[in-house]
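Here the structure of chain A is known, so what remains is to put chain B in place on it, guided by the hints.
Number of protein chains: 2
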Amino acid sequence: MKQKSRNSVDNLHETTTGATGVTTDMRVIVPLQGVVQGGGGLVLGSIIPCALFYFLQLYLKAKNPSDDVPNPSPPPQLPETPPPPPPPGGLQRVHSVRSIWSPRGTNGQVQVSTRANSVIKHPDSPYYVGLKRAFDNLYDESSNPEGIIQLGLDENKLSLDLIQDWLVTHTKCSMIGQELQMDRISTYHPFHGSSELKLTVASFMSQVMEGHVSFNPSQIVLTAGTTPALEMLAFCLADPGNAFLVPSPYFPELDRDIKWRTGVEIIPVPCRSSDNFSLHTTALHRAYNQAKKRGIKIQGSNGDKNQEFVSMAEIVNSEEYDRNRVHIVYGLSKDLSAPGLRVGVVYSFDKNVLEASKKLTRFSSVSSLNQRMLVSMLNDSRFVEGFIKINRERVEKMSDLFVGGLKSLGIECMKSGGGFYCWADLSGFIRPYSEKGELELWEKLLNVGKVNSTPGSSCHCVEPGWFRFCFTNLEEKEIPLVMERIKRVL
Amino acid sequence: MKQKSRNSVDNLHETTTGATGVTTDMRVIVPLQGVVQGGGGLVLGSIIPCALFYFLQLYLKAKNPSDDVPNPSPPPQLPETPPPPPPPGGLQRVHSVRSIWSPRGTNGQVQVSTRANSVIKHPDSPYYVGLKRAFDNLYDESSNPEGIIQLGLDENKLSLDLIQDWLVTHTKCSMIGQELQMDRISTYHPFHGSSELKLTVASFMSQVMEGHVSFNPSQIVLTAGTTPALEMLAFCLADPGNAFLVPSPYFPELDRDIKWRTGVEIIPVPCRSSDNFSLHTTALHRAYNQAKKRGIKIQGSNGDKNQEFVSMAEIVNSEEYDRNRVHIVYGLSKDLSAPGLRVGVVYSFDKNVLEASKKLTRFSSVSSLNQRMLVSMLNDSRFVEGFIKINRERVEKMSDLFVGGLKSLGIECMKSGGGFYCWADLSGFIRPYSEKGELELWEKLLNVGKVNSTPGSSCHCVEPGWFRFCFTNLEEKEIPLVMERIKRVL
Chain A
1 MKQKSRNSVD NLHETTTGAT GVTTDMRVIV PLQGVVQGGG GLVLGSIIPC ALFYFLQLYL
61 KAKNPSDDVP NPSPPPQLPE TPPPPPPPGG LQRVHSVRSI WSPRGTNGQV QVSTRANSVI
121 KHPDSPYYVG LKRAFDNLYD ESSNPEGIIQ LGLDENKLSL DLIQDWLVTH TKCSMIGQEL
181 QMDRISTYHP FHGSSELKLT VASFMSQVME GHVSFNPSQI VLTAGTTPAL EMLAFCLADP
241 GNAFLVPSPY FPELDRDIKW RTGVEIIPVP CRSSDNFSLH TTALHRAYNQ AKKRGIKIQG
301 SNGDKNQEFV SMAEIVNSEE YDRNRVHIVY GLSKDLSAPG LRVGVVYSFD KNVLEASKKL
361 TRFSSVSSLN QRMLVSMLND SRFVEGFIKI NRERVEKMSD LFVGGLKSLG IECMKSGGGF
421 YCWADLSGFI RPYSEKGELE LWEKLLNVGK VNSTPGSSCH CVEPGWFRFC FTNLEEKEIP
481 LVMERIKRVL
Chain B
1 MKQKSRNSVD NLHETTTGAT GVTTDMRVIV PLQGVVQGGG GLVLGSIIPC ALFYFLQLYL
61 KAKNPSDDVP NPSPPPQLPE TPPPPPPPGG LQRVHSVRSI WSPRGTNGQV QVSTRANSVI
121 KHPDSPYYVG LKRAFDNLYD ESSNPEGIIQ LGLDENKLSL DLIQDWLVTH TKCSMIGQEL
181 QMDRISTYHP FHGSSELKLT VASFMSQVME GHVSFNPSQI VLTAGTTPAL EMLAFCLADP
241 GNAFLVPSPY FPELDRDIKW RTGVEIIPVP CRSSDNFSLH TTALHRAYNQ AKKRGIKIQG
301 SNGDKNQEFV SMAEIVNSEE YDRNRVHIVY GLSKDLSAPG LRVGVVYSFD KNVLEASKKL
361 TRFSSVSSLN QRMLVSMLND SRFVEGFIKI NRERVEKMSD LFVGGLKSLG IECMKSGGGF
421 YCWADLSGFI RPYSEKGELE LWEKLLNVGK VNSTPGSSCH CVEPGWFRFC FTNLEEKEIP
481 LVMERIKRVL
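Quick note, the sequences are listed as chains A and B, same order. For the first sequence, full-length UniProt numbering assigns the number 1 to the initial residue and increments by one for each residue that follows. For the second sequence, full-length UniProt numbering assigns the number 1 to the initial residue and increments by one for each residue that follows.
It should be emphasised that the hints constitute simulated quantities derived from the structure, not laboratory data. Misleading hints may appear alongside valid ones.
Claimed, not checked - Each computed SDA-like pair below joins lysine to any residue, with the alpha-carbon atoms no more than 25 Å apart:
| no. | chain 1 | residue 1 | chain 2 | residue 2 |
| --- | --- | --- | --- | --- |
| 1 | A | K297 | B | N379 |
| 2 | B | K121 | A | I267 |
| 3 | A | K389 | A | M209 |
Pulled out of the complex, with its shape left as it was, chain A reads as follows:
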């Protein structure tokens, strides 16, 4: 499946400018999201589900792929693979993310939003200059007596011993007593995460990906959860009124997470069950052209999420393509089953995105208590290995049982290799065959069957009758009851 669709690539044209430049050309960013339909685990070749989003900035030439007009710019050099046969129905399938990716050859900087630029360019006042200078050469009576005395920082160290004593006395907690010393957890720290935790998270991400990919800790920005990480990235890549093209169905909260404060729109690019809900360049171009007609500037397209994405890891590590256009959002919530801990990651190759993100983490930083605990836990590699293995086995088993249960009711699910949920086709059970029928079935499942699911329309799925069932909240013994309740409704 390493075929390339030359047709679609020919119509993708790079018009990037420097970070400071302004271009009137159309720009597309493809945030590749691997969450809906339990496909998260597939993204980087791992069966462990994970909240991974890829934001891939492309530069689309505003030209329909079905046009026969020759492309005035020379086609980018591609690896020597034959073009695929024309697909039935005239649709051009994106067979790999490579095919919608333009090769290297830019100045190495991607274009960030006007707002992100103003964040990056905001001059540090003497307040910040002084803080930094003092931190870099801090006075210490014995080790650095000629260092700078810090009187610029509004911080109180006078009574930390009291808090420390309370923790030691009341919790008998060796971790807090030793690793979580109050002078390390309760004072100001880098908002974008300690270098220790970044190192640990990079190694954990690599471990989750079974070593297929390595992550550079210096490209990591930590934030208080995946939601703020997504918002931060949207803020960095697009201005208000700009839009991301996102293949649907997608994560039900994505619209408001992205739009509420950034003003950035989401335009769904419909994918269909006949294609295993994978992305077609035709649909991408159509959505792009429609947005263009409405005067909306496209800043991104949340990309494909099918099995092909196993190749993302290779592409990111390949020298052949412009890595500055890939921005990854990752959350520990899935792989560590701990959304309550609020740890998200922005991983980018672009220094502007990293610089703006680091500055913006002041609005959403990971607490030092969590950082210390996670460093301690994730550095225990035997524990992490065991956890990943056992958790994977449990999720797989539950998935098999649940999907099998649905099958016995005559309900088929999309083929999926991981994830906390399945994506089930109940289109045969809805009347009328429309969103209305779908919502009526959802209501019946909820009110009569007493089972809460997510209707596909909440995920912007264009085909009515698809439902998302998360099964990792269940215990095994509850599956027969769930099936009985669903059956009662159908």
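Frame of chain A; chain B shown alone:
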């Protein structure tokens, strides 16, 4: 000092509309900030320094207070106090926040920003409706067998036992072992904070205020630090391009904290040393009119921060005034000396502000680990009492020593009853008497004296030569060294 300035009140006219209404009248919000010059501790009658910001929404009639044109609207009924004598130099001093506050009589709803309104009005999709319905009536085998089975939540409970075991085995931490059960800390929880922590924080805030004020936990929204709390409130109260009037000098980070993502401007209202840096209505009106001429809509004014603010607590609890216009931002960072824990509070009387804020906490929520630890610690009232008392004594002692040390060098500080820093007058030591001279002295202190301070210009102080020195980072024995280094430069 309970005098009211009738003149200034006469010129404040309420034009509030409902939350959904649109008004073309000028609106003013006064965020009352008690941080610069160590005045935080004074704000609510406590000597304990705390990061408290009050956002007070006023509705200013666009009329200069010095105009003699009769006000067409009847003056609001005021308590029977004689008007103060005209101050020297024609300036009208705001003697109490009451004097710039309009009385009750509105429809009880303040106007929130267009953006906050769209957040409030955003209809919940079936995804959220279902989640909530299931949570409200959750299936449990024994206690609620007819309850709803939750298949809508993308959460994995299958391996929480592994994490729990690790914590128990590796940390021997009774708090984590008992109170911090993984099924409580690692799963999704209300983004705006647990009701337990809200109760605890309300009681702690009251304790810090020595019982002069009580706080209602249902009016509390918790967020990951004071910085996101301020940004969230700015987002709720103002639209991009609107502005807050903020008496200067103020907190050095405030401009970028407010503006970067919200697009809301800060317009400094200059205060002067001759008035102990307190706010005059004349300056407020001047700034307001200048902004109006520039076409900027004023949504707020970050208010007074002088000794008078002891009365804020009473006013908030008084029936006489419209409490819906007071919005408080509080941070545990100061009172608990623990900014690393990232816990901030938005406290509001207005249901729209609370509703929008609660929804926005998804971008910046407090981690469940911190929540559990803080509930445990802050509920230990003997510890809290002791901490507040001892910490206060230490801060006071350090303040006396530091201010005394500066005095021996011929440097006077503003009178202050608390806070982690002092606000010192070095205007006699700068050449030229300008921002340039001030910055040269700051650089000399940093490079030659090896002492980092904050120049007043970083706090938007209009008078050159003022410096902020934070002394709570020091140990007592270091004070002579600091003084020697400062002396070397002067």
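| said: Hints numbered earlier in the text: which of these fail when held up against the supplied structure? | reply: 1
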